[in-house]
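S.K.: Put together the whole structure using the sequences plus the hints.
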Amino acid sequence: MNLTIKYFGLLAEVTQRSEETLVFTKSTVQHLLEDLYSKYPKLKEKDFQVAQNLEIVAKDTILTDEEIALLPPFSGG
Amino acid sequence: MNLTIKYFGLLAEVTQRSEETLVFTKSTVQHLLEDLYSKYPKLKEKDFQVAQNLEIVAKDTILTDEEIALLPPFSGG
Amino acid sequence: MKEKKAKNVFVEGAISAEFIGNSIAKHQSKTTIGAHNIFLGQVRADQIDGKAITAIEYTAHQDMANEKFFEIREATFVKFNLTCMHIYHSLGAVNAGEICLFVFVSSPRRKEVFKALEFVVEEIKAKVPVFGKELFEDESHQWKVNS
Amino acid sequence: MKEKKAKNVFVEGAISAEFIGNSIAKHQSKTTIGAHNIFLGQVRADQIDGKAITAIEYTAHQDMANEKFFEIREATFVKFNLTCMHIYHSLGAVNAGEICLFVFVSSPRRKEVFKALEFVVEEIKAKVPVFGKELFEDESHQWKVNS
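Keeping their order, the protein sequence lines are chains D, U, R and G. If you're matching positions, the first sequence starts at 1 in the numbering used here and goes up one per residue. If you're matching positions, the second sequence starts at 1001 in the numbering used here and goes up one per residue. If you're matching positions, the third sequence starts at 2001 in the numbering used here and goes up one per residue. If you're matching positions, the fourth sequence starts at 3001 in the numbering used here and goes up one per residue.
All clues given are correct.
Listed below are the simulated PhoX-like cross-link pairs for lysine-lysine, each with C-alpha atoms no more than 20 angstroms apart in a straight line:
#, chain 1, residue 1, chain 2, residue 2
1, U, Lys-1059, U, Lys-1026
2, D, Lys-39, D, Lys-26
3, G, Lys-3127, R, Lys-2111
4, R, Lys-2111, G, Lys-3125
5, G, Lys-3133, D, Lys-46
6, D, Lys-6, D, Lys-42
7, R, Lys-2133, U, Lys-1006
8, G, Lys-3115, R, Lys-2111
9, U, Lys-1046, R, Lys-2133
10, G, Lys-3030, R, Lys-2051
It should be emphasised that the hints constitute simulated quantities derived from the structure, not laboratory data.
M.R.: Written as structure tokens, this is what we have:
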């Protein structure tokens, strides 16, 4: 499947991009994160949540082919 | 002593005045109220507090020769 | 008489939205402030026995009220970590839809402003001798009772 | 994708005091309202390691943030008896002293607005993906953490 991955705030600094598209064959958010940690080792030190299709999801969530967003701690207001 | 008595809100309607000066010889707020009830019988039906020199006082408070105010329930804001 | 330190909180007639906007603008040079909280009391056109309220006419024991506003102000600064506080209350007629009470508190932190603002507004309602005369469209009236 | 009902809460740059004043003025035709409560978030010029914050640059996951603002709005109307509610949040740079968040709730009764406003502001802080980059006078930066 084709996954669009978006990086926000501090995480976009770590990955040096705000968005990328990956072709991905495994099934869960956790699997995806393992791949991303290999690609961006510094990501592993950072605190963040994962949203799939605009909703925060747990690590064992099955990936659909929708948008994945990596969100550092919120600091609005 | 000379007492200045001020009436506010609904009470000024009952007494038909906003202020009057009385020469008074007895000692407590309660004594004063008894005199005022004789003068303005409808006052007795009304809910109010008494302030002496800008502070709410109890009925057994000794009168000084300062201002007395009759205050109906507050409805600011 | 005690020393008078209280300033006059009362303004004649309604408090305009523009006045409130200007008051907010004046706080933008105070860069230790992180949170403002503003309460506005607005006159409702309540229907009572089929008649609408068109305005409230406010009177007050002004000297006592200003003393009480001052005491509330002092107590609030002791209880809460505020940078500044402003209170304005109308006297005279305020039409339905117009603003009669403007309370403005500011602090470095938001938790403080929420607690402080509610405290100030409840204290005003309970302790300040202000009296509202509700005027109806047929020129009759009744005296407002706070709930 | 779920049906998009959320409107855009974001405004580019700071929220002006004049905008807030105008927003208040627009509510004066709503004569069932008795109480307004307004929260304003303002950027502080905090000193960190001897350097002052000059601005915060806000970014957001805008689609998700607008969804969350909408969910917060819906939940607030269910929980509290409100006449209306408005939320505006800045994107991009907001200088120290300027306003980055404007939350405005109105109700017939004051008790409702106090509870509702604090609920909305805390929900925004907890649930809306907005990110503040604190810019210092020497052009370094750090990422804001809400407390």
